[in-house]
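A.B. asks: Sequence:
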Amino acid sequence: MWTPALVVVVAVLAKDVIATSYPSSPVYPAIPADKSTPFQQRLGYHGPTQMAIGWNTFAPLTKPTVHYGFAPNKLWFSASSHSSVTYPTSRTWANSVLIEGLLPATTYYYKIESTNSSIDSFKTGRVAGDHTPFAAALVIDMGNFGEYGLTVNETKAKRAAEGTPVDAYIPPELKHTTIERLVDIASEYEFVLHPGDFAYADTWIGSVQDGFLPGNLSNGVALYEGLSEIFFDQLATVARMKPYMVGVGNHEADCNEDTSNQYLCPIGQTNFTGWINRYANVMPASSQSLIDDLFKREDAWVRDERDAKQVRERRKIKQGTTRAGTERSTTTKSAASLANPPFWYSFDYGMAHIVMFDTETDFGNGLIGPEELNGSSGLNNGPFGTYQNEQIDFLHADLAAVDRKKTPWVVAAGHRPWYTVGGGCTLCQQVFEPILKQYDVDLAVFGHVHNMQRLKPTYNNTVDPAGLNNPSAPWYLVSGAAGQVEGRSSLGNSSLFPEYVDWAYDAAWGFSLIKFLDRQHLEVQFIESDTGAVLDSATLFKKH
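Counting with the working numbering, you get residues 1 to 544 for the letters of the sequence shown.
It is possible that some hints are incorrect.
[What the hints assert, rightly or not] Computed list of lysine-lysine pairs in DSBU-like fashion (alpha-carbon distance at most 35 Å, straight line):
hint, residue 1, residue 2
1, Lys35, Lys123
2, Lys74, Lys63
3, Lys123, Lys74
[Said to hold, decoys possible] FRET-style restraints, in silico, Cβ to Cβ:
hint, residue 1, residue 2, range
4, Lys543, Ala59, 27 to 33 Å
5, Lys543, Gly378, 42 to 48 Å
6, Leu367, Gly206, 28 to 34 Å
7, Pro29, Ala400, 34 to 40 Å
8, Asp258, Ile185, 34 to 40 Å
Keep in mind the hints are simulated off the structure, nothing from the lab.
Glycine included, C-beta positions come from ideal geometry on N, C-alpha and C.
Whole structure, please, built from the sequences with the hints as guidance.
C.D. replies: Structure follows, in structure tokens:
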């Protein structure tokens, strides 16, 4: 019998009082006096007329609220929810609000309601069919930076060799990191794709044993939560200003990847619980363009000519200038009902259709994903579908519904690659590769392997002879070098690389930019995080 996994998430209402005793941890961030102070801010794109805003607080909120408008001093509109959730080992509550009735491709300013919050901004997405060039950042396999993560002084041995006390404070500066580089070039991309591996809090046991983290096994619950809090606070530097679209990786599964230490993982630190808690209400369901939602706010106050122009634009769209989202196929509606964010979902953005899929669980057709019981990692997590083939059915329904006239480019994002130096996930290939080929996916992006690789268009282990000149096979990338404490994956002898490897690099931390130039040209750049240098670039031509 198919039994979906149980995920422990506690919804908190105003009348609820939860008394929780937290174990001590030397890595916990300080709790502010005002416990409504927002932390871990994150944006999720929900079509061109909506934006989800998530954040964490050290107390439950009765009515999470965001104020927003067209200027920092004109936050005249508000959106609220009753979504304030937590789980047994968490010190914080995850709050989320969905703002509706926005204009596409428009900058809005917002302030999370609190006595201790700042004004931030975001730009709404492009309507499907808008073929204005844009770029997306691709970031995978990224953990903590600074004192308790990846630093210039990475290990106890290095600190000792340099005469630095092992317990000396190392400021968590982000100047050499992927996060800081993303901030520096924020004007060059419109959203971030991050399909898997966040925080690397599940490495705490090894870090304690190596003397890199203070504490011992008795601090495990708190160390895991503390490392998670630190990471998502760091990530907010980017995620509070750019839609940060996430997928699942193996490091979100459990408090420790070693199956022999699973007794150390209490309820709350298994089965992707912390990750679901943060992102389930922030990621979208499917690619339906929600232009009609614009008109929910036609009664908005018209305070000046700028606002009057916005209202006129709403009415212009309503009259038929843009009709994206008003006529959707049955298959798209089916995809929406089958989507299971943040594990599998999709969205349209301008000339691109992006689909996120789960390489950790829910492989369907009787197959066991890597993180499921008896899978290759065997951590007994998942499945998450309401029935066995839900993810597979979603992918078929979603990709079959793509309108290539509006969104000629189709990008699939997962965590575990099947084409990579050193060998990849063969079961992933068996399950997902035929689907990507069937629906003519243009680009497939992955991480998991901690280096950067640009591969040739390939199908069934055979390189497409067309190369990047209108291939029929998907083009594959591995971009798993954003930075984390496990280190980079050595590529070894290049003479032993598989035929499908075009370029590979393991000497620096980095990420990628995917540039949608026009309906027939897509460029990929690999960027070194430290310097911002372009390490490699290539352009795909597809006769769409």
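A.B. asks: Please go over all the hints and tell whether each is borne out by the structure.
C.D. replies: Against the structure, the hints:
no. : hint                        : in the structure
1   : Lys35 - Lys123              : 28 Å, holds
2   : Lys74 - Lys63               : 22 Å, holds
3   : Lys123 - Lys74              : 16 Å, holds
4   : Lys543 - Ala59: 27 to 33 Å  : 56 Å, violated
5   : Lys543 - Gly378: 42 to 48 Å : 45 Å, holds
6   : Leu367 - Gly206: 28 to 34 Å : 30 Å, holds
7   : Pro29 - Ala400: 34 to 40 Å  : 46 Å, violated
8   : Asp258 - Ile185: 34 to 40 Å : 37 Å, holds
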